[in-house]
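Each chain, letter by letter, is given below.
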Amino acid sequence: MIHVLAADPTLADFGKDPVWITIIKAVMLFVFLMLGVLFGVWFERKLISRMQNRYGPNRAGKFGLLQSVADGLKMGLKEDLFPRTVDKVLYLLAPIIMVVPAFLAFSIVPIGPMVNLFGVQTPLQLVDLPVAVLFMLAMGAISVYGVVLAGWSSRSPYALLGGLRSAAQVVSYEIAMGLSFVGIFLFAGTLSTSEIVKAQEQTWYAVLLIPSFLVYVVCMFGEAARIPFDLPEGEGELVGGFQTEYSSSLKFALIMMGEYLHTFTASGIAVTLFLGGWRAPWPISLWEGANQGWWPVLWFFIKFVLTFCFIVWVRASLPRVRYDQLMSLGWKVLIPVNLAWILVVAAVRNVVVNNDTSAVSMGLGAVIVIGAIAIWLRFDTVNQRRREAKKAQAEAEFEELSSEPAAGGFPVPPLDLPHYHGVQHKEIPSGTN
Amino acid sequence: MTAHYLVLSGLLFAIGAMGVLIRRNAIVVFMCVELMLNACNLAFVTFARQNGNLEGQIIAFFVMVVAAAEVVVGLAIIVTIFRTRRSASVDDANLLKY
Amino acid sequence: MSSLWLPILLAVPVLGAVVVALLPKGADQVAKQVTLAVSLVVLALTLVMAFQFPSAKGDRFKFAAVYDWIPSFGVHFGVGVDGIALVLVVLSAVLVPIVVLASWHDADGVRTADGTLITPKRSVKTYFSLLLVLEAMMIGVFAATDIFLFYVFFEAMLIPMYFMIGSYGGAQRSYAAVKFLLYSLFGGLLMLVAVIGLYVVAGKSTFMFPELVGAIQDPATQKWLFAGFFIAFAIKAPLWPVHTWLPDAAAQAPAGAAVLLVGVLDKVGTFGMLRFCLELFPDAAKAFTMPIVVLAVISIIYGAIVAIGQSDMKRLIAYTSISHFGFIVMGVFAMSQVAQSGATLYMVNHGFATGALFLAAGFLIARRGSPHIADYGGAQKVAPLLAGFFLVAGLAGLSLPGLSSFVSEFMVMTGTYASKAHGSGALTVAAVVSALAVILAAVYILWMVQRVLNGPTAEPVKAFKDLNVREIVVLAPLVALIIGFGFFPKPLLDVINPAVNQTLVNVKVDNPAIAEKGAGQ
Amino acid sequence: MDLYVPILVLAVLAGGFAIFSVAIAPFTGPKRWNRAKLDAYECGIEPTPQPVGGGRFPLKYMVTAMLFIVFDIEIIFLYPWAVSFAPLRGDDGRVIASGLGIFALVEMLLFIVTVLAAYAYVWRRKGLDWD
Amino acid sequence: MQAPTIEYGTLAPMLLVFGAAVLGVLVEAFAPRYLRKVMQVPLTLVSLGGAFALVLVQVIMRGAPTEAVAMGAVAVDGPSLFIWGVILVLSFVCVLLVNDEGHFVASAAAVPGSADEEEAEAAGGAHTEIYPLLLFAVGGMMLFPAAHDLLTMFVGLEVMSLPLYLMCGLARRRRLLSQESSMKYFLLGAFSSAFFLYGTAMLYGYAGTVSLPGINKALAGGALLDPLLLIGFAMLGVGLLFKIGAAPFQAWKPDVYQGAPTPITALMASGTLVAAMGAVLRVFWVGLGNLDWNWRPVMWAVAALTMIVGAVLAITQTDIKRMLAYSSIAHAGFLLIGVMATFDKSQQNAGSLSAILFYLLVYSFTTVGAFAIVTMVRDPGGEAGHLSRWAGLGKRSPLLAGVFAFFLLAFAGIPLTSGFFGKYAVFAAALASGSESGDSLGGWMTGLVVLGVVASAVAAFFYVRVIVLMFFSEPAADGPSIAEPSMGTVAVIAVAALVTVGVGIFPQPMLDVAHQAAANLFIR
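Which chain is which? The protein sequence lines are A, B, C, D and E, in order.
In terms of UniProt numbering, the first sequence is numbered consecutively and its last residue is 433.
In terms of UniProt numbering, the second sequence is numbered consecutively and its last residue is 98.
In terms of UniProt numbering, the third sequence is numbered consecutively and its last residue is 521.
In terms of UniProt numbering, the fourth sequence is numbered consecutively and its last residue is 131.
In terms of UniProt numbering, the fifth sequence is numbered consecutively and its last residue is 524.
I should point out that these hints are in silico values taken from the structure, not numbers from a laboratory.
Do not take every clue at face value.
[Unchecked claim] Listed next, the stretches of chain E that the computed footprint assigns to chain C, with coverage defined by at least 3 CB atoms under 8 Å from CB atoms of chain C: (1) 84-98; (2) 461-471; (3) 508-520.
Computed from a prediction, not measured in an experiment: that's the story for all the values here.
From the three backbone atoms N, C-alpha and C, an ideal C-beta is built for every residue, glycine too.
The whole structure should be built from the sequences, with the hints applied where relevant.
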């Protein structure tokens with residue numbers, strides 16, 4: 001049974017607002033995000049401190065609530081440095097390019113159903129597009145330009161490398177992320193966020209499409225460049241990555257803001273696409289009015305904050321991975337698993353939705369499932385581990401034999417004899433012959 | 001309305017074509033070609049709107065695919081030649097003539 | 001229906017060529033013998049066929065055989081001979097064994113008496129197999145009754161000759177070979193356009209000659225197509241001003257090849273004019289008669305004058321041929337039965353006469369290693385036999401009465417003189433002017449003969465040996481034919497005349513000369 | 001087109017804010033000129049700034065960029081496919097437009113297998129490894 | 001929404017080739033190095049052979065099908081099948097050449113002369129990727145002329161071209177030349193495909209569709225002087241004419257032919273030309289058929305210019321491959337004469353279409369044979385490209401030189417070679433179309449044919465010059481060596497020579513096939 005609420009906005013409900021409502025909504029969203037950043041920073045620092053058994057900011061304002069504001073003011077009052085070598089125009093443009101799309105990406109996140117806003121029935125979402133998710137991805141991709149330009153215009157090796165790394169990382173995870181949405185579209189049949197939320201009335205996609213969701217969660221960190229995937233900054237190795245030359249002042253603040261906004265967007269998308277959006281979770285949804293009026297804003301906000309908490313929690317718990325590990329995970333695990341999963345979902349959907357239980361359809365489904373399992377096994381680390389173990393064993397054997405020629409009848413003199421390579425100082429690593 | 005887009009597309013195409021003819025760096029020439037392809041995409045999408053069918057937009061997808069493949073192939077070739085010659089100038093590649 | 005004579009005649013030399021080409025390396029002697037044998041077989045077959053000709057069936061083309069070759073183009077493998085073609089086929093068949101014998105040592109590398117190498121040793125097998133291929137093509141080109149097939153032979157014939165000149169010729173051989181090939185090819189391609197045009201315009205979906213006669217009515221179209229054919233033939237039968245390839249080619253070719261080149265290949269041009277230009281495009285032919293006759297007269301005079309100035313024997317002979325070809329072309333276009341019969345006869349006689357002259361000159365050159373007339377002198381004393389043959393051949397070249405060329409030249413001139421084909425007396429004037437050439441011919445031949453044979457014997461010439469048996473066997477039949485047909489051309493004319501009459505009927509020439517049958521005798 | 005107006009409004013807000021922040025910075029902060037302060041940072045050693053036109057960077061990134069393009073394009077095709085895979089139903093559950101069904105499944109299977117073949121090649125040739 | 005369908009059976013030949021190409025990629029991925037070649041070669045050959053068999057099956061089972069399959073994206077009709085068959089056989093033959101050792105670099109990415117390269121050489125084996133690349137290119141060649149809309153055609157064009165760009169840069173010897181040719185080919189090729197695409201966009205704007213019959217239909221009722229249409233047609237023409245190397249877009253051909261590894265040159269000179277010509281025919285006859293009064297004068301000029309440029313510039317060449325490239329340009333001009341020879345009467349069209357198909361067949365086989373011979377004449381530094389090195393080859397290796405001379409004569413169109421009948425067929429078709437019209441066109445066509453004849457004669461000069469060099473010149477003391485040919489090369493040359501001789505003497509069977517293929521014309 002499909003229970004349809006009058007309050008559920010669809011794509012058709014958008015684009016009808018009067019201009020002033022549009023402006024009000026836009027301003028509201030803008031303010032929400034600005035405040036979100038300010039308090040998000042504080043919240044994260046506070047949370048992480050508690051996890052690490054310390055207090056965190058507690059000087060500025062009650063509970064240190066104004067800490068971020070103070071930080072912001074301080075940044076605004078610092079000297080605005082222009083390193084001598086930078087490309088001025090791009091150097092200035094980069095933070096702007098990073099922060100604007102970050103704002104825009106959030107505009108397609110539905111925060112609530114149709115509400116009465118100053119007497120106008122309007123969906124509580126800035127805008128919805130037929131290609132909303134694509135729009136979100138596009139905005140995420142534009143930010144990459146900011147990163148690369150920031151790195152490039154700085155004319156500094158660290159910055160350049162950081163920018164490139166960041167770009168490589170973001171684009172890599174963007175693929176996996178994009179693929180993880182395909183399952184949703186297979187179910188929802190649309191790219192519009194409001195309709196995807198509507199389609200999750202019965203079951204969250206996080207439940208239906210667990211693998212997609214897991215992949216998304218991993219990608220979320222990669223996309224937003226959060227620990228454990230905050231390689232672009234990599235202060236340990238790259239000083240500060242692409243933002244090395246943005247030492248202080250509001251430009252740096254903009255970059256930080258952009259990154260936070262990406263984290264928010266990632267959470268918002270997670271809530272919208274996988275966690276039922278603004279819909280009340282199960283026990284509450286039994287209450288008739290839960291999904292009407294302004295209540296859903298609360299549910300959305302709770303889910304949103306919890307997701308953000310999760311992100312912070314991960315930051316507190318996990319160390320940063322190596323860059324090659326990061327890329328390997330993205331390219332060698334997430335993508336193939338995702339592709340296989342998509343086919344499985346499609347095969348199942350084909351049987352279920354089209355009621356196509358013909359032999360061809362079933363057979364195809366079986367083939368795909370088996371193929372997916374095969375791919376999974378192939379990409380599974382167990383296999384690799386076995387192979388590496390074998391290799392290690394062979395190497396150990398070689399070591400043993402080469403160190404004791406008499407024991408195994410190895411027909412060569414020990415490789416470390418001085419006359420063998422000591423004269424030329426030519427290093428012959430063990431393991432070669 | 002669509003006329004403006006067409007003019008823009010024509011301009012982009014012309015700029016790309018001139019770039020191919022005038023510029024000497026292989027990478028720049030190559031990017032000019034990409035510019036031309038994107039001008040085509042703009043024209044396709046504009047016409048799709050004008051004609052009221054989706055064909056043009058679908059074509060734009062395919063053009064992107066092809067452009068991507070061209071990027072992959074083209075950069076590989078140019079990088080190889082750059083590594084060999086330490087120069088990506090089209091003029092420096094002048095061994096082939098009568 | 002189909003007679004197998006001509007297909008067999010074509011197949012024998014081709015098979016022979018294959019056999020020769022496949023002989024093992026070093027079997028040069030065998031190759032020569034096989035070639036000679038094959039060419040003799042062909043000669044025998046041809047002669048048998050020729051003797052059966054008067055009694056053979058067929059209205060115009062006898063021994064006709066028609067097979068589908070490329071139905072989608074309307075192309076047939078159509079062969080058959082009328083009188084004109086027959087005599088030319090016989091000419092080819094006669095000349096080939098003689099040439100084989102004459103060029104017995106040509107590929108072995110030519111050495112002068114003192115042992116200097118003029119041309120290095122080349123593949124003997126290749127030479128003789130090319131020769132046999134060429135023979136097949138020569139027979140084919142005369143016997144083809146399908147215009148397309150004619151064209152194919154016409155063009156394909158170039159290739160063996162090209163290699164024979166280019167590989168086995170004198171010092172300038174590759175230049176000469178290329179010039180020869182390009183001239184002919186260019187003409188051939190123009191002809192190709194005309195051939196296609198003929199096919200398309202006639203709309204008969206066939207290339208068979210008899211069906212295409214009279215198929216084109218529109219005079220303008222006729223003129224265009226005529227031009228296409230005529231230019232090709234004019235190049236082939238070197239007519240001034242497109243003659244320049246011949247002296248080079250003939251001078252550089254080995255003597256044997258030169259004989260075939262001038263004696264047979266060039267006849268394809270005049271044969272083509274007579275057969276195709278006239279019959280397919282009668283109106284155009286009539287319209288163009290005067291310009292062509294003028295060209296022919298220029299050729300006659302020009303060839304003769306230039307010949308006088310030559311210091312190279314082979315070049316001289318080549319230029320005399322240009323003059324002679326002028327006569328033939330004039331005869332063809334005089335549009336009278338006597339003149340055309342004379343022209344046809346001239347084709348045959350010229351083959352024998354010039355062949356003999358080339359071969360005799362070739363033997364001289366083989367001894368001295370130089371084509372320059374000035375290098376000889378007094379050869380008469382050391383090699384009387386050779387000198388004698390040389391003299392007879394030379395006299396045949398200047399159309400001495402009693403030798404075969406005289407008959408034909410006389411027929412051409414009287415026929416042209418009497419021809420009313422062009423209304424006014426223009427042809428009469430042409431005949432009169434061309435008579436000048438008789439005097440010029442006496443100058444160039446006699447002067448050459450005098451310079452080569454008489455005078456004090458030069459030192460290198462003293463070492464000359466006289467003709468050996470092989471060489472006598474080569475020259476004797478030719479001289480015999482020259483003298484024989486000089487006194488008794490009737491057998492040839494009997495064969496030629498009906499065919500020429502048929503041609504004139506097709507051209508619709510209302511000419512009183514037809515009645516004066518055999519006026520030249 | 002109207003759908004994009006709100007985005008434009010938000011973009012104006014965000015852009016205005018960003019530009020304002022960048023533009024205001026020189027006026028709010030102090031100015032204390034110091035040569036060393038304006039050098040590019042390089043862990044304290046004499047800096048070697050990148051040349052104009054950008055430095056050379058490892059080819060590896062180019063390969064990644066190309067791979068990204070390839071897979072991104074794959075996604076371009078996957079999205080429309082996914083959206084039109086299932087039949088479109090109206091509010092009353094009636095099928096408005098039928099899905100592409102098994103045809104689409106087969107085609108996508110072929111497509112993905114093709115991409116996976118290229119992917120396997122890249123992998124095996126160490127195109128996905130970072131050293 | 002109607003679920004789309006794809007006629008897998010009808011498309012099987014193409015799908016097989018693409019499938020094998022994908023399989024080839026997998027072999028590259030998973031097979032160990034020493035096994036790769038052993039696996040790739042049979043895979044390639046079997047797939048090409050199998051695809052050819054499928055084409056035959058299609059022809060035998062269904063006669064000449066005329067249908068637009070895959071939702072009107074691909075036209076499987078007589079000419080398509082004929083071209084497929086020709087391309088498959090040609091590429092099969094070319095694979096035999098590719099298979100030969102020593103043509104391809106061990107590692108394309110290694111800098112010439114570097115330690116990397118040395119290492120790659122020492123490790124043995126060349127890029128076996130060449131086989132899947134080749135299969136992709138062949139697949140593209142099949143798709144390109146069979147495309148029934150301009151988008152599919154564009155995709156086919158690129159699928160054909162991209163692997164070729166790469167393969168051009170893989171020559172083992174003279175790496176710099178090879179890489180340079182690759183880059184030039186790529187830049188110019190991409191440039192021209194941008195033109196093709198923009199032309200497509202304009203036609204889409206004009207007609208509202210990119211389907212060829214759709215465009216034709218729009219032309220039937222629409223304004224013929226619409227700037228969109230004219231720009232579109234002109235740009236589309238540029239893109240297509242570039243691919244066949246028609247003047248004034250011929251500049252790439254000599255460079256690319258010279259620099260590319262010779263087996264790849266052979267593939268380009270044959271397969272690409274065939275495919276591109278097929279596409280030209282389809283676009284101009286099916287798509288722009290109702291515009292013929294607009295494109296005809298342009299085509300006339302292009303054909304004339306192409307023949308003249310090809311023939312005249314070839315004379316000045318001193319490199320054998322460059323010379324063959326210019327010869328290929330001249331031949332493209334001759335083929336364009338055939339394209340001109342289209343007319344409203346379908347019988348005439350069938351005539352000239354079959355003439356072109358026949359010409360393509362005979363020319364491409366001869367050309368493959370000629371390039372196969374080029375691979376065998378070698379200097380220490382690679383193939384002996386310079387013409388002076390070919391002097392006296394007739395003495396050192398009479399058979400080889402003889403066969404090559406024979407191919408050259410076929411190019412020149414001497415009777416009793418296949419080239420003659422090809423030329424004849426095209427000229428005849430052109431004159432026939434001219435004669436039917438009864439208006440000024442007849443004179444123009446005749447003029448074009450005469451120009452073609454003049455160009456042939458000029459072209460004959462440089463062919464003959466090579467023969468002169470080979471046979472009438474003395475060999476140089478340190479002349480090139482003749483490589484001991486592999487079985488594959490011998491087979492290629494033998495096949496090419498057989499086709500050239502066989503068709504030269506008995507053209508009828510091949511003409512029949514071409515007629516049959518052309519009988520129903522392109523589907524519209």
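Cross-check of the supplied hints:
1. 84-98: violated (count 0)
2. 461-471: holds (count 6)
3. 508-520: With 4 residues closer than 8 Å to chain C, the segment 508-520 of chain E meets the three-residue bar; holds.
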